[in-house]
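There are 2 protein chains.
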Amino acid sequence: MERIVMKFGGTSVANPERIARAAQLVVREVNSGKQVAVIVSAMGKTTDELLSLAKEVNSAAGRRELDMLLATGEQVTASLLAMAISGEGVEAHSYTGWQAGVLTESVHGNARIEQVQADRVSAALTSGTVAVITGFQGADMHGELTTLGRGGSDTSAVAIAIALGASICDIYTDVEGVFTTDPRLIKQAQKLEEISYDEMLEIANLGAGVLHPRAVEFAKNHQMPLRVRPAHIEGEGTIIKEEIDLENNLVVRGIAFERDIVRITVMYNVPYNGSLANIFTALAEHHVNVDIIVQTIREDVQPSVSFSIKKEDFAEVINVLESNKEALGYSRADFEVGLAKVSIVGSGMVSNPGVAASLFETLRQVDIPIKMVSTSEIKVSVVIPEPEMEKAVAALHEQFGLDAVKGK
Amino acid sequence: MERIVMKFGGTSVANPERIARAAQLVVREVNSGKQVAVIVSAMGKTTDELLSLAKEVNSAAGRRELDMLLATGEQVTASLLAMAISGEGVEAHSYTGWQAGVLTESVHGNARIEQVQADRVSAALTSGTVAVITGFQGADMHGELTTLGRGGSDTSAVAIAIALGASICDIYTDVEGVFTTDPRLIKQAQKLEEISYDEMLEIANLGAGVLHPRAVEFAKNHQMPLRVRPAHIEGEGTIIKEEIDLENNLVVRGIAFERDIVRITVMYNVPYNGSLANIFTALAEHHVNVDIIVQTIREDVQPSVSFSIKKEDFAEVINVLESNKEALGYSRADFEVGLAKVSIVGSGMVSNPGVAASLFETLRQVDIPIKMVSTSEIKVSVVIPEPEMEKAVAALHEQFGLDAVKGK
Numbered sequence: 001m002e003r004i005v006m007k008f009g010g011t012s013v014a015n016p017e018r019i020a021r022a023a024q025l026v027v028r029e030v031n032s033g034k035q036v037a038v039i040v041s042a043m044g045k046t047t048d049e050l051l052s053l054a055k056e057v058n059s060a061a062g063r064r065e066l067d068m069l070l071a072t073g074e075q076v077t078a079s080l081l082a083m084a085i086s087g088e089g090v091e092a093h094s095y096t097g098w099q100a101g102v103l104t105e106s107v108h109g110n111a112r113i114e115q116v117q118a119d120r121v122s123a124a125l126t127s128g129t130v131a132v133i134t135g136f137q138g139a140d141m142h143g144e145l146t147t148l149g150r151g152g153s154d155t156s157a158v159a160i161a162i163a164l165g166a167s168i169c170d171i172y173t174d175v176e177g178v179f180t181t182d183p184r185l186i187k188q189a190q191k192l193e194e195i196s197y198d199e200m201l202e203i204a205n206l207g208a209g210v211l212h213p214r215a216v217e218f219a220k221n222h223q224m225p226l227r228v229r230p231a232h233i234e235g236e237g238t239i240i241k242e243e244i245d246l247e248n249n250l251v252v253r254g255i256a257f258e259r260d261i262v263r264i265t266v267m268y269n270v271p272y273n274g275s276l277a278n279i280f281t282a283l284a285e286h287h288v289n290v291d292i293i294v295q296t297i298r299e300d301v302q303p304s305v306s307f308s309i310k311k312e313d314f315a316e317v318i319n320v321l322e323s324n325k326e327a328l329g330y331s332r333a334d335f336e337v338g339l340a341k342v343s344i345v346g347s348g349m350v351s352n353p354g355v356a357a358s359l360f361e362t363l364r365q366v367d368i369p370i371k372m373v374s375t376s377e378i379k380v381s382v383v384i385p386e387p388e389m390e391k392a393v394a395a396l397h398e399q400f401g402l403d404a405v406k407g408k
Numbered sequence: 001m002e003r004i005v006m007k008f009g010g011t012s013v014a015n016p017e018r019i020a021r022a023a024q025l026v027v028r029e030v031n032s033g034k035q036v037a038v039i040v041s042a043m044g045k046t047t048d049e050l051l052s053l054a055k056e057v058n059s060a061a062g063r064r065e066l067d068m069l070l071a072t073g074e075q076v077t078a079s080l081l082a083m084a085i086s087g088e089g090v091e092a093h094s095y096t097g098w099q100a101g102v103l104t105e106s107v108h109g110n111a112r113i114e115q116v117q118a119d120r121v122s123a124a125l126t127s128g129t130v131a132v133i134t135g136f137q138g139a140d141m142h143g144e145l146t147t148l149g150r151g152g153s154d155t156s157a158v159a160i161a162i163a164l165g166a167s168i169c170d171i172y173t174d175v176e177g178v179f180t181t182d183p184r185l186i187k188q189a190q191k192l193e194e195i196s197y198d199e200m201l202e203i204a205n206l207g208a209g210v211l212h213p214r215a216v217e218f219a220k221n222h223q224m225p226l227r228v229r230p231a232h233i234e235g236e237g238t239i240i241k242e243e244i245d246l247e248n249n250l251v252v253r254g255i256a257f258e259r260d261i262v263r264i265t266v267m268y269n270v271p272y273n274g275s276l277a278n279i280f281t282a283l284a285e286h287h288v289n290v291d292i293i294v295q296t297i298r299e300d301v302q303p304s305v306s307f308s309i310k311k312e313d314f315a316e317v318i319n320v321l322e323s324n325k326e327a328l329g330y331s332r333a334d335f336e337v338g339l340a341k342v343s344i345v346g347s348g349m350v351s352n353p354g355v356a357a358s359l360f361e362t363l364r365q366v367d368i369p370i371k372m373v374s375t376s377e378i379k380v381s382v383v384i385p386e387p388e389m390e391k392a393v394a395a396l397h398e399q400f401g402l403d404a405v406k407g408k
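Protein sequence lines correspond, in order, to chains A and B.
Residues in the first sequence are numbered consecutively from 1, following our numbering.
Residues in the second sequence are numbered consecutively from 1, following our numbering.
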């Protein structure tokens, strides 16, 4: 019998009404003859509420106890959803991460799943019971509760789908699927029927937020088909898998963007002598996420390196550069704020060397200056002035034929 | 090194301030050189809030899922208290029931503890870590979460204290200790320094509410000393143990009372023929708790049986009697409402046959009619009109020398 995994995020189980809706979606799948395992996040703002309670008793609480505290959030959702499913006449049992055999490494707050021993859940499914499993959590080999960190529920869903031999892992969320770009910004944005793991990975890493990159990577490594589907309305969503039919032979399949980007440029006194490694090591130690890096080493100008960061890390970067000025061996640094990053993503780029050129030409035509460029096999990113971002995305969306994608 | 168990009930951990206070009490014990395991209930009204959520998604939710849901309540408290203790500079880890090795029978909602495998908690204590354990819950041999039913946290505390070889199990609560009678009713009520298990058992069963009878019985069977102590103020509380020094050679050590008692009397058509068993079997099947039972079988009057119940069960009893009238074989029933039960308790009664007589005489002197009487080795209960209850308790409290108990 076909098995599927359905995952419901926090907003899709935020209150009893939405839990009832999720239960109906589950029951519909059961009635169509499938065995169903469900993965749930904590209800809406529960995690934030628990964290604020923790802060009241100890503003520097340890990760072990935070895991013990936060793990209750999904357990509440799981039991409530199991009750709601039972209320619809379908047998359902909830399971915590450890009960479902989710074995993680011995790390609190950001553990990785090592193994899923799914016998217990598998037996429940075989006997016709829906298994509702807490996402985001597991236990280590010593029986310590662990949580998986951001995007953990998506990762739980994929790992459990793989262990159960599910045919697909449906991620129910509050959007209709994966779009060619953000429909809140660009009206012409179109929902994609399909997208490849690699494309989704680039889009997820670029902050599209629909699905966590860890989960996509996990699915890709095990070739588990994913589907991003809406929980609140009817809709087929977007399937994420390895081989896709190229809709309209599109080279570019999506445009991602990110606001609040800052460019930092560091000028060296002396020719390159290893300072570069020093700078990025120092930044990494302070958990600063550096994105695009461009180095200029020419005989005729002072050597420099530019890199982009998020605005929220700006103060920390300045602090690191200031307090390590001598060790890092640079003369001066400047920065530019008010920037944005726009990226075009598509597997078809690999065999289309003209894509980057087409992007540059499109932006030139609408008079948008390009501050930085970065390319990968299936992605080109440019840093541009933030006020021009919407115009840039709209122009590129049209240029690469995304306005006309069918399937929405 | 001396080990102790400290148990905090729901009101003693109802908010972050009270959790901080509990943490200070724990740290004080640690600093005095003891190894400490702490058992906690869910915060204040948490259990009620979770039950109301459950009702919203399924008004007839099954016990398995209710256990999964309710078990989160103590887990939240345990992790918060562990954080608060760590904040005071003392290492503390929280443990769920299953992590602490609390193995119960495979029953949901009202499981009994079968065994406590305390190795993990014991190792934590030995290493100088405070173990904060969720009360009220455990897991069965299949890894299913179970809850222990009413009074479960007290029972958890006693079972864990026994398994850890603790020297005492301190039950922190919102009262100062065990009193000769309820100080809210009788100003002269005195706090007792000590009381025996059997006396405490009678008082607990009589609804004094400080400590659950199951926990007292468990402690008695394993000779684990208990102490009921106040969490909100300083105070030594009351020690409950086997052998006590009879303070002032008191025969009666406490007076318990209960309002809202109803007397039912059932008259048979025919001589006793087994109807009695039928009636009480039918009532037990409907979970009606029958207290005092008095049967009258005389040649000269119609045979009858009277029994007392709580007012809350009245409708159910009428329903059971009505719908089984023929099967139960009785002609008519009458009832009397507006009654109360007053009980005197004391181990010394065993060797003092005049105690019951003294009780009757005291009530006669203040003109209080006695409706029913029941006696055990260490208790005499009478059912009287509820408006006379306070007068009765005050008279008995004085008569049996309790006004003058020292030690408060």
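Accuracy of the hints is not assured; some may be wrong.
[Claimed, not checked] 27 Å max Cα-Cα, derived DSS-like pairs, lysine-lysine:
#1 B:Lys34 to B:Lys310
#2 B:Lys310 to B:Lys325
#3 A:Lys45 to B:Lys310
#4 A:Lys311 to A:Lys241
#5 A:Lys55 to B:Lys55
#6 A:Lys311 to A:Lys34
#7 A:Lys45 to B:Lys45
#8 B:Lys220 to B:Lys187
#9 A:Lys311 to A:Lys45
Bear in mind the hints are in silico, worked out from the structure with no lab data behind them.
Hints and how they fare:
1. Proposed proximity of B:Lys34 and B:Lys310 is contradicted: the alpha carbons are some 44 Å apart, above 27 Å.
2. Between the alpha carbons of B:Lys310 and B:Lys325 the distance comes to roughly 21 Å, so the proposed pair stays at or under 27 Å and holds.
3. About 43 Å separates the Cα atoms of A:Lys45 and B:Lys310, which puts this hinted pair outside 27 Å; it is violated.
4. The straight-line distance between the Cα atoms of A:Lys311 and A:Lys241 is roughly 34 Å, outside the 27 Å bound, and the hint therefore fails.
5. Annotation: proposed proximity of A:Lys55 to B:Lys55 is violated, straight-line Cα distance about 30 Å (limit 27 Å).
6. Simply put, A:Lys311 and A:Lys34 have alpha-carbon atoms about 47 Å apart, too far for the 27 Å limit, and the pair is violated.
7. For the given pair, A:Lys45 sits about 19 Å from B:Lys45 by alpha-carbon distance, which is consistent with the 27 Å threshold.
8. Under the criterion of a C-alpha separation no larger than 27 Å, the hint pairing B:Lys220 with B:Lys187 is inconsistent with the structure, at around 31 Å.
9. Of the pairs offered as hints, the one joining A:Lys311 and A:Lys45 holds, with about 25 Å between alpha carbons and a cut-off of 27 Å not exceeded.
The earlier numbered hints that this structure contradicts are 1, 3, 4, 5, 6 and 8.
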